[in-house]
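Whole structure, please, built from the sequences with the hints as guidance.
Top to bottom, those sequences are chains Z and B.
Position 13 (the first sequence) corresponds to 598 in the numbering used here; numbering is contiguous.
Position 64 (the second sequence) corresponds to 53 in the numbering used here; numbering is contiguous.
Just so you know, the hints here were simulated from the structure itself, not pulled from any lab data.
From the three backbone atoms N, C-alpha and C, an ideal C-beta is built for every residue, glycine too.
Heads up, some of the hints might be wrong.
[Said to hold, decoys possible] Only part of the chain Z face toward chain B is listed, based on derived beta-carbon distances under 7 Å:
1) 615
2) 716
3) 725
4) 726
5) 982
[Claimed, not checked] Only some residues are given here: those of chain Z computed to face chain B with a beta carbon under 8 Å:
6) 616
7) 620
8) 724
9) 729
10) 818
11) 821
12) 867
13) 869
14) 1055
15) 1056
16) 1058
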Amino acid sequence: MGERHSPAETVALIAGALALLVYALAFASPYGLRILTVAGVYALATFGFQIVFGLGGALSLAQGAFFGVGAYVTGILGSRFGLGFEVTFPLSMLVPLLLALPVGLAVLRLESHYFALATLGIAQVLHLLAVNLPELTGGSNGLAGVPAAVLFGWAVPRGLPMAGLVWGLVALGGLIGWRLAGGRLGRSLTMLRDDPLAAATLGLDVGRLRLIAFGISALFAGAAGALAVHTQRVVSPEVLEFPVMVSILTIAIVGGRGQMAGAVLGAVLLLHLPEWFRFLERGYLVVYGVALLATVVLAPDGLTGLLDRIAARLFSRRPRASVEAKEPPRPQNSPDGLAVDDLRKSFGGVRAVDGVSLELRPGSITGLIGPNGSGKSTVINLLSGLERPDAGRVRLGGRDVTGTRADRLARAGLARSFQAAVLPNGAGVLEAVAAARLAVDPDARTAEAHARWALDRLGAGDLAGKGCDGLPAALRRRVELARSLVRRPAVLLLDEPAAGLTDGEKAELAALLRELAQEGVAILLVEHDMGFLLPLAGRVLCLDRGRVIYDGPAGGVRRDPAVAAAYLGRAVPA
Amino acid sequence: MRRTLSLLIGLLAASSCLSSAARADDTLSFPVLVPLTGFLSLEGTSQRNGAVLALKQTPAGIAIASEVVDTGTSPEAAVTALERAAGRGTVGAVAASMLGTQMLAMLPLAGELKLPLVTVSGTASITEQGNPWVFRFFPGDAVTKAAHARYVVEELGKRQPAVIYQTTAYGQSGKAHLDAAFKALGVTPVFEEGVDPAAKDLLPVLTKALAAKPDVLVLHLHSAPTALLLRQAASSGVTLPIVAGSAMHQPSTAALLEPAELKGVCAETAASPISGGTPEVKAFTDAYRAAFGKEPDAFALGQYDGMTMVLEAVKAGARSPDAIRKALSAETFQGLAMTYKSDGKGNMAHSAVIVCYDGASRVPVLAKRYDDPTLAAK
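Following this line, the structure appears as structure tokens:
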């Protein structure tokens, strides 16, 4: 999650940066400086791709197209209108951004592969425009004679000055990218990359976040495109072709997905690698391919991942500084809770939910039971906004929220857990719980303080420094519950929270739920363990084939013949 | 950290040193920077072979060095290759890519580095940049497309051409010159459409062209698309005469087709060495076959002539890039394909030929030669 390096890795990265500096100043030939400059250009383009793809998980194949648009803006304005770098550079970032926003609104809600295809289509359209608008773009020949970057009257010469300009901007861009990746935006994007549904139920606006990431990626790509044109002094449709996109994608993967340092490492390596084998004529491609394959095999998590592994082997990882717990503010709970009236949902010919009505009052615990496939999870999905009902009404805090998106419901005070605890792979427990506060807290640090409070309250404070990977099922459930708890919800929907817990853990969970109810939280508890549920719940609903077959006090459910026939097996005599 | 730093600097510096190993003697370097991979690899390989063959036949007493570098098809790779070449000893001249966009990218750097670029690129604009360091040993589009149009109109007597061209720099440049040449001849094409070089089916564009009721098909396509369109035309029973661009004259293009599919097809080009000619051309063809196991084409011959003229200049005493540039600018050279003489802009070749296939062989015969440098029809 985000971008965090151990001290050893930080030292290695600083050493790398210094090495590049010393090499550029003291050893590099003009040819070496050119490769370094081009590597900087690609690193800058990859920063943006790391945000939209590496962190956000959206495989945008438009990054090369935005690169090309930035290149054409600089090429046209520089060669035809004689404008200087101080004008062309910002415009080369602005135009791709203005293009990305409407395009993003149209395509960002598509599923991954459709999204990739749609963004590839953008690149194709732009390429066709570049070829077929020769009056503006120079057509297939492109525009020659693009001037060198002129910065406040100073024409930046090729060689060291140009390399310095590019790498100065790389340093600035990398710093911005690193801050974004480690902050609220980066963590939110990682959350939605790992599980968009869970992210939405934690209050993160998936569409808005992806649009922001798409826009930022376009800014970086535009900046890189502008610098590319000043480096090669000509702009032609090749800058919009797929190989540019492939280079950016390869740099991101080889360098380390989502890592700004990875973008730099990947760009430096991949731009130098073919040059080392140029003497082999066309055979260099074979060697380059083999070397690339070897890199991917040896460093499946990218070069930064390899550095991580080496650092972990050489140095013991220093535990993270403990985060001081801070209780998140408790929102004003509405006296209305959640009211559901005649909810219906079908999947094809199957009626999953058929006329369900229920009311979750503040301070109450309501049980929802029924055989497998009876519609319990679908009810929770409908109430939490992951599914849209076909009919019926849902009111939350007195407001009609029927069909409202999951993130909006979450921000309105509704929290839920999943049957199988959904925790992001590779993340720390504290980060995973803090992710649930990203939509409301001002920064990641505050979110972590609140997360620590939630973990402490569940008696899981000692898990804060651990990773989610490899946690036993019971602890994963506890961490997931902490994610719900930390949001201070008005309504809490829990899908089989006691599954896999020991009797002792169940007792602790029951006590916690009672406490929450006493604080005014309305709780809906889907559970199969009657021994756990019935003493807790004031009211129980039983579903069978999507319909409510019992709605009454918990004490009466065992004696109900319909429930017995459909679910429990035999009725307990009165 | 000190060790890491030293190691990293060492690695990068070693790569830099490898590339800039300067030669101490007065050896002149003639790097060959051409597209060996990508959509222009066939033509680029011909260009490479022509340059390499010429450099192999360096006159005695002249010490030269050469390295072949693949420029792919991106302008960026071409510029990087030129910068790399410039750092490796004293460069006399560069055999430079035939891809127009790569040439346009290399020109400013060649101007800064003061290095002559010797190319067979047909893209008109490379000699329209006012750059004195470019020399084109292949007739530009102004010459070849005028020959193309004149053959269609004056020799075949056709006045309703359908023009199918490539949407690349090569295609757009050729199409513009074809338009101008047909206009000068009082002919307006009944159909014009550009096709992407990656298109895998050209039947749709062929069908549309035929629907316009042309009396001749005029192609200006790269090698593989030319072969694809001709095959699809043959299998569709098209009997119209077809006059193609220079890609068709290449033996590697003809090898993609059956001789019968070539019946009635003609092509413009600078030369067709396999079609025979002078004993010198035959000797070149034999040497080329022996060295590379392939048939030479006009690109190979043009680049061969260009590098031979460069070496002749060196033999005559030119020992610096500027001296070679001056010789190329001022001298007349009798090459194998034609007589070369700069027009002041670096256009050295002013002749074009039309070759035609008889349907029985993949070797075309010379149908018409246009030597007039002002080919525009009256």
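So, going through the hints one by one against the coordinates:
With its C-beta approaching chain B no nearer than about 6 Å, residue 615/Z sits inside the 7 Å limit, and its interface hint holds. Taking 7 Å as the C-beta contact cut-off toward chain B, the hint placing residue 716/Z at the interface holds, the least distance being around 5 Å. Checking residue 725/Z against chain B: minimum C-beta separation of about 4 Å stays under 7 Å; hint holds. Interface hint status for residue 726/Z: upheld, as the beta-carbon distance to the closest one in chain B is roughly 4 Å, under 7 Å.
The interface hint given for residue 982/Z is violated, since its Cβ lies 57 Å from the closest Cβ of chain B, which is over the 7 Å cut-off. Proximity of residue 616/Z to chain B holds as hinted, the smallest CB-CB distance being about 5 Å (cut-off 8 Å). Interface restraint check for residue 620/Z: the shortest CB-CB distance to chain B comes to about 6 Å, inside 8 Å, so the restraint holds. The interface hint given for residue 724/Z is met, as the beta carbon of that residue sits about 5 Å from the closest beta carbon of chain B, less than 8 Å.
Interface restraint check for residue 729/Z: the shortest CB-CB distance to chain B comes to about 4 Å, inside 8 Å, so the restraint holds. Of the supplied interface hints, the one on residue 818/Z holds, with its beta-carbon coming within about 5 Å of a beta-carbon of chain B, less than 8 Å. Using the Cβ-Cβ criterion of 8 Å, the hint placing residue 821/Z at the interface with chain B is satisfied: the shortest such distance is roughly 4 Å. Satisfaction of the interface hint for residue 867/Z is found here, the shortest Cβ-Cβ separation to chain B being roughly 4 Å, below the 8 Å cut-off.
Because the beta carbon of residue 869/Z sits about 7 Å from the nearest beta carbon in chain B, less than 8 Å, this interface hint is met. A hinted interface residue such as residue 1055/Z counts as satisfied when its beta carbon comes closer than 8 Å to some beta carbon of chain B; here the least separation is about 32 Å, so the hint is violated. A least Cβ separation of about 35 Å between residue 1056/Z and chain B goes past the 8 Å threshold, and the interface hint is therefore violated. The interface hint given for residue 1058/Z is violated, since its Cβ lies 42 Å from the closest Cβ of chain B, which is over the 8 Å cut-off.
Hint compliance for this structure: hints 5, 14, 15 and 16 are broken, all remaining hints hold.
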